[in-house]
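Enquirer: Respectively, the protein sequence lines represent chains B and E. In terms of this note's numbering, the first sequence opens at residue 1 and continues consecutively. In terms of this note's numbering, the second sequence opens at residue 1 and continues consecutively.
Check before you lean on any hint, since a few could be wrong.
Note that identical chains are pooled: a pair holds if it fits in a single copy or bridges any two copies.
What the hints assert, rightly or not - Each computed DMTMM-like pair below joins lysine to aspartate or glutamate, with the alpha-carbon atoms no more than 25 angstroms apart:
#1 Lys16 / Glu40
#2 Lys16 / Asp147
#3 Lys16 / Glu64
#4 Lys16 / Glu136
#5 Lys113 / Glu201
#6 Lys113 / Glu36
#7 Lys113 / Asp71
#8 Lys16 / Glu154
#9 Lys113 / Asp140
#10 Lys16 / Glu70
#11 Lys16 / Asp116
#12 Lys113 / Glu144
#13 Lys16 / Asp117
#14 Lys16 / Glu201
Please keep in mind that the hints were generated in silico from the structure rather than gathered at the bench.
The primary structure of each chain is shown beneath.
Number of protein chains: 2
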Amino acid sequence: MADLSADAGVPVPTIKYYLREGLLPPGRPLSRNQAEYGPEHVRRLRLVRALADYGGLGIATIRELIRHMEDPGVARGELLGAAQQTVTAHHDARPGEHVLQAGDLVAGLLARKGWDDLAGHPAGRIMVGVVASLLELGLDDVIEALDDYAAAAEAAAEVDLRVLGDATDRERAVEIVVVGTLLGDTLMAAMRRLAQAHTSEKTYEATG
Amino acid sequence: MADLSADAGVPVPTIKYYLREGLLPPGRPLSRNQAEYGPEHVRRLRLVRALADYGGLGIATIRELIRHMEDPGVARGELLGAAQQTVTAHHDARPGEHVLQAGDLVAGLLARKGWDDLAGHPAGRIMVGVVASLLELGLDDVIEALDDYAAAAEAAAEVDLRVLGDATDRERAVEIVVVGTLLGDTLMAAMRRLAQAHTSEKTYEATG
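Please model the complete structure; the sequences and the hints are all you need to start from.
Expert: Below is the structure:
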């Protein structure tokens, strides 16, 4: 276990905790106090750390995800859908006068994009909350540009799926979906600000 | 003040606090205990609430932003740049073996996009942190797709600037930059997940 700890860069007490919680399969027993751990244990430890540290996922969520991953009866599409939902905040729009109108606007967008199959997806409920806030603040210009933002989001999702397409094993695919999506959100937000700042500077230079 | 409170939907004690903190200009005095407030006070209150509630900005940041907004010597480009930076997290990459390599990768991307003028922008430092994490996790496929993600981010930024272009007054423009950017991040993340889920379902239906 000391070797495993060194290889994976995870402290021994944490490894023991993961073993107890069922996040890491037990090693092959060598004696009463020793067990052998292989490269699959190092990989699993790195996955659990990535999900916890970068994904901010709790132990129960990670255990559920690993159970899905190890169950050959769970199809790849279903597994990745479950992985994706763990990194989607689950909250409903605050009730308010704008929620109904926001719901209609979002339903309209989903229909235009052909995404109506996803009416129950938590990300759709997040959109309703955001659009209700935009309505409340009178930021109608942003709402009118919703389809254009959707096209940009779709371009990012296409890259996501291309990147994911190369991952043949299930453990790797789950890691890419969870960690890639979360780090990817931060990356997109940062690059959006750079692109804004750059284009904005050019504009003001041009107009004086 | 009771009327102002009703019109803006902000409680009287909050209005008094904003007045003391210099976020709201005083009303025109009518008597020792009464002052007249106009529509500009209602707007200002709505802006401060939006920056605090949706932008999560602290009082000191809001005051600084309002000072910029009211100073005609601050050019529009500079004002909006300052507004944008308030909604960009300021943190440096954790020191680690991958930070130097990540810095080179980000500098390369900025050069390819023609964004080198922004080398010191906080969003660039955030990118270095994300890329260092991707390197640490061996998610090289994501890094290889960096330019494609940048193109998607650029598409979103173009919509941002088009939406902003319609806002002629400074108060409105600051509101759009701060609130639109933050709500916009959430919106993009939600739509990216919907697009992922939709394309992914189509793929699995097609291949069985």
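Enquirer: Against each hint, give a clear statement of whether it holds in the structure.
Expert: Verification of the hints:
{"no.": "1", "hint": "Lys16 / Glu40", "result": "within (16 angstroms within a copy, 62 angstroms between copies)"}
{"no.": "2", "hint": "Lys16 / Asp147", "result": "neither (49 angstroms within a copy, 41 angstroms between copies)"}
{"no.": "3", "hint": "Lys16 / Glu64", "result": "within (19 angstroms within a copy, 50 angstroms between copies)"}
{"no.": "4", "hint": "Lys16 / Glu136", "result": "between (50 angstroms within a copy, 23 angstroms between copies)"}
{"no.": "5", "hint": "Lys113 / Glu201", "result": "between (33 angstroms within a copy, 14 angstroms between copies)"}
{"no.": "6", "hint": "Lys113 / Glu36", "result": "neither (52 angstroms within a copy, 50 angstroms between copies)"}
{"no.": "7", "hint": "Lys113 / Asp71", "result": "neither (33 angstroms within a copy, 44 angstroms between copies)"}
{"no.": "8", "hint": "Lys16 / Glu154", "result": "neither (42 angstroms within a copy, 46 angstroms between copies)"}
{"no.": "9", "hint": "Lys113 / Asp140", "result": "within (20 angstroms within a copy, 31 angstroms between copies)"}
{"no.": "10", "hint": "Lys16 / Glu70", "result": "within (20 angstroms within a copy, 59 angstroms between copies)"}
{"no.": "11", "hint": "Lys16 / Asp116", "result": "neither (45 angstroms within a copy, 47 angstroms between copies)"}
{"no.": "12", "hint": "Lys113 / Glu144", "result": "within (15 angstroms within a copy, 28 angstroms between copies)"}
{"no.": "13", "hint": "Lys16 / Asp117", "result": "neither (43 angstroms within a copy, 49 angstroms between copies)"}
{"no.": "14", "hint": "Lys16 / Glu201", "result": "neither (54 angstroms within a copy, 38 angstroms between copies)"}
The structure fails hints 2, 6, 7, 8, 11, 13, 14 (numbered hints given earlier, in ascending order).
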